[in-house]
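Engineer: Chain residues, written in single-letter form:
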Amino acid sequence: MNRLASLERKERPFDPMPKPTSPSEEGGGPKRPDTGSPDKDSLMKRMKKVDPKQAERYRQRTGQ
Amino acid sequence: MRLFGLETEYGITREDLASVDPVVESMELVRAHLAATFERTWDYSGEDPREDARGFRAAHLQQDREEDEFAKLDAHRPFSFHEMKSDLVLPNGARFYNDHTHPEYSTPECRTLIDLIAHDRAGERIVQRAAARRNQALGGPHVQLYKNNTDFHGHSYGCHDNYLLPRSIPFDRISAGLLPFLVSRQIIAGAGKVGIEAQEQGFQPTAYQLSQRADFMETELSVDTMHNRPIVNTRDEPHADRSKYRRLHLIAGDANMCEYATALKVGTTRLVIDLIVRGDAPSMEIEDPVAAIKLISRDPELKQLVRRASGGTISGLELQAVYYGAAKQALAGNDEETDWILREWGETLALLAADRDQLVGRLDWVTKLWLLDTFVREERIAWNDPWLASLDLEYHNVNPERGLFLGLEAERKTVRLTKDDAIDAAMTAGPSDTRGGIRGQCVRRFPDQIKTIQWERVQFTGGLLPKVLDLGDLFEPDAVRMLSSILGTAGSPTEAITMWNQRKVQR
Chain A
0 MNRLASLERK ERPFDPMPKP TSPSEEGGGP KRPDTGSPDK DSLMKRMKKV DPKQAERYRQ
60 RTGQ
Chain C
0 MRLFGLETEY GITREDLASV DPVVESMELV RAHLAATFER TWDYSGEDPR EDARGFRAAH
60 LQQDREEDEF AKLDAHRPFS FHEMKSDLVL PNGARFYNDH THPEYSTPEC RTLIDLIAHD
120 RAGERIVQRA AARRNQALGG PHVQLYKNNT DFHGHSYGCH DNYLLPRSIP FDRISAGLLP
180 FLVSRQIIAG AGKVGIEAQE QGFQPTAYQL SQRADFMETE LSVDTMHNRP IVNTRDEPHA
240 DRSKYRRLHL IAGDANMCEY ATALKVGTTR LVIDLIVRGD APSMEIEDPV AAIKLISRDP
300 ELKQLVRRAS GGTISGLELQ AVYYGAAKQA LAGNDEETDW ILREWGETLA LLAADRDQLV
360 GRLDWVTKLW LLDTFVREER IAWNDPWLAS LDLEYHNVNP ERGLFLGLEA ERKTVRLTKD
420 DAIDAAMTAG PSDTRGGIRG QCVRRFPDQI KTIQWERVQF TGGLLPKVLD LGDLFEPDAV
480 RMLSSILGTA GSPTEAITMW NQRKVQR
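Chains as they are written, first to last, in numbering that gives the first Met the number 0: chain A, 0 to 63; chain C, 0 to 506.
Hints in this document: simulated from the structure, not taken from any laboratory. The reader is advised that the hints may include incorrect statements.
Here are the computed lysine to any residue pairs in the SDA-like style, where the Cα-Cα straight-line distance is at most 25 Å [to be verified]:
#: 1; chain 1: A; residue 1: K52; chain 2: C; residue 2: E377
#: 2; chain 1: A; residue 1: K18; chain 2: C; residue 2: K418
#: 3; chain 1: C; residue 1: K302; chain 2: C; residue 2: E336
#: 4; chain 1: A; residue 1: K47; chain 2: C; residue 2: T373
#: 5; chain 1: A; residue 1: K52; chain 2: C; residue 2: K503
#: 6; chain 1: A; residue 1: K48; chain 2: C; residue 2: R411
#: 7; chain 1: C; residue 1: K418; chain 2: C; residue 2: E377
#: 8; chain 1: A; residue 1: K18; chain 2: C; residue 2: P140
#: 9; chain 1: A; residue 1: K47; chain 2: C; residue 2: K302
#: 10; chain 1: A; residue 1: K47; chain 2: C; residue 2: Y207
#: 11; chain 1: A; residue 1: K52; chain 2: C; residue 2: L274
#: 12; chain 1: A; residue 1: K52; chain 2: C; residue 2: I449
#: 13; chain 1: A; residue 1: K44; chain 2: C; residue 2: D20
#: 14; chain 1: C; residue 1: K466; chain 2: C; residue 2: K418
#: 15; chain 1: A; residue 1: K47; chain 2: C; residue 2: P140
#: 16; chain 1: A; residue 1: K18; chain 2: C; residue 2: E336
#: 17; chain 1: A; residue 1: K18; chain 2: C; residue 2: L330
#: 18; chain 1: A; residue 1: K47; chain 2: C; residue 2: K466
#: 19; chain 1: A; residue 1: K18; chain 2: C; residue 2: L301
#: 20; chain 1: A; residue 1: K52; chain 2: C; residue 2: D15
#: 21; chain 1: A; residue 1: K47; chain 2: C; residue 2: R376
#: 22; chain 1: C; residue 1: K450; chain 2: C; residue 2: K418
#: 23; chain 1: A; residue 1: K47; chain 2: C; residue 2: A381
#: 24; chain 1: A; residue 1: K44; chain 2: C; residue 2: G324
#: 25; chain 1: A; residue 1: K48; chain 2: C; residue 2: E377
#: 26; chain 1: C; residue 1: K302; chain 2: A; residue 2: K44
#: 27; chain 1: C; residue 1: K503; chain 2: C; residue 2: A329
#: 28; chain 1: A; residue 1: K52; chain 2: C; residue 2: D20
#: 29; chain 1: A; residue 1: K52; chain 2: C; residue 2: L16
#: 30; chain 1: A; residue 1: K48; chain 2: C; residue 2: L350
Which bits of chain C does chain A cover? Going by a derived footprint, with three or more residues having C-beta under 8 Å, they are [unchecked claim]:
#: 31; stretch: 237–246
#: 32; stretch: 388–396
As the structure is a computational prediction, the values presented were derived from the model and not from experiment. C-beta: ideal position from N, C-alpha, C; glycine also.
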């Protein structure tokens, strides 16, 4: 795995990467939400209420 | 022929207990759904998870040493296997049961993405409703459910996506076409995870990765699901006429909270399957897919390169772009849903490359990273702070009063593809154009006359001759609607089956 991580790029495939569309080209897809920042008064408050040790206590048995 | 469905194993905990028995808690949760006592009706005869699509039957399924020890204890529990499973078929055609130690909700079979998303969300609300009832009985909000795939201690549980295919497509063609796609699908469908973990090696709190499941992928192909997990699962349980169909059962994916991510996960996979069926899948082979899926997951900057078998390297983003390009060339214009998937797939890849913050509310790994980044800045904590793993877990809580994703959704900072009334409808009835809808209709119409039920047949009680409604080859929407009409007016299961058999002969 580390061997793969250290590899230099030897060749690139053709560039099939799609380009972002402008808002007028968005078609019938979903609208982008306003995601300036999480609401400080509710969501950040909810995050701060999470017990820092919650994941440490959370134990499951292996599933599929 | 287009049919798919999702199975989601939920994480479950009791916050009032120091030590939780997940077998009992999962069983009690499923039973909390019931107004009456549990009666076994699920028919297991169609299930053989050791049957391998490569043409053999595995001698046994693997599990780790810890599960071996648990299995010894499970053998002495004061209830039977069937009582433990507590299998239910719901009025919407879904299956809700205790899959070993996790409450599992399997959607009814769906033909369209919009139906699938509605039924996946309906599943979240049905399991949460069961938790609320269980908590009412317990006297406090003790039971919490998580739509995720890890406990941060090296234990994973799945969200499996399933697709109906013609049996005529050789399995080696399917696996070869899918492997590079699935190695890279996580750049869109990953749910995001704090840290790195692996079975029996525990949790290493480090940086953030794209996927919850990538750490647990150990081999390319295998029939196993609990140990030595494969990128392409080879289980051969078609749950349909075996001579005509196979069911592709994929276990590499994460459970998604974002509707948009679920739609793209299943939608893009469906297009790649279409390419494979047509013989138009890209000719692409990754040298070491197991290493590649982990490497790609562990680089949120999406710069990581993996080696191609033919030489050279490629990134996850480029891999997805190759598949997107092939799908666009071969499938554009086929139908409205295909064009929606292509448009959103292309747009998503472009934004991942150029401006991923625009994908907040659409992709889970991007959304979770954005939330955690904000929190790290606000609280001035380090990225190895254990608080972050707890926030990661809470992102997936399906309790609307606690879940971070659901809180974000309540602030309208996520993309919704469904409306609440569609989810409400999906909680009570299955799709009108699939056998899942028929199964649910049987449950609603003749609840006291079902002797056994499963994915491909319903057997009714009464009389000397078995009354079996065979659903193993019921995939044409017109046929489904005809049977639904008969079930809606027939006075009894016998009358419905007789009328249906007559109509089939006439067709």
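Engineer: Okay, which hints does this one fail, numbers in order?
Structural biologist: When the structure is compared with the hints, numbers 2, 3, 5, 7, 8, 9, 11, 12, 13, 14, 18, 22, 24, 26, 27, 30, 31 turn out to be violated.
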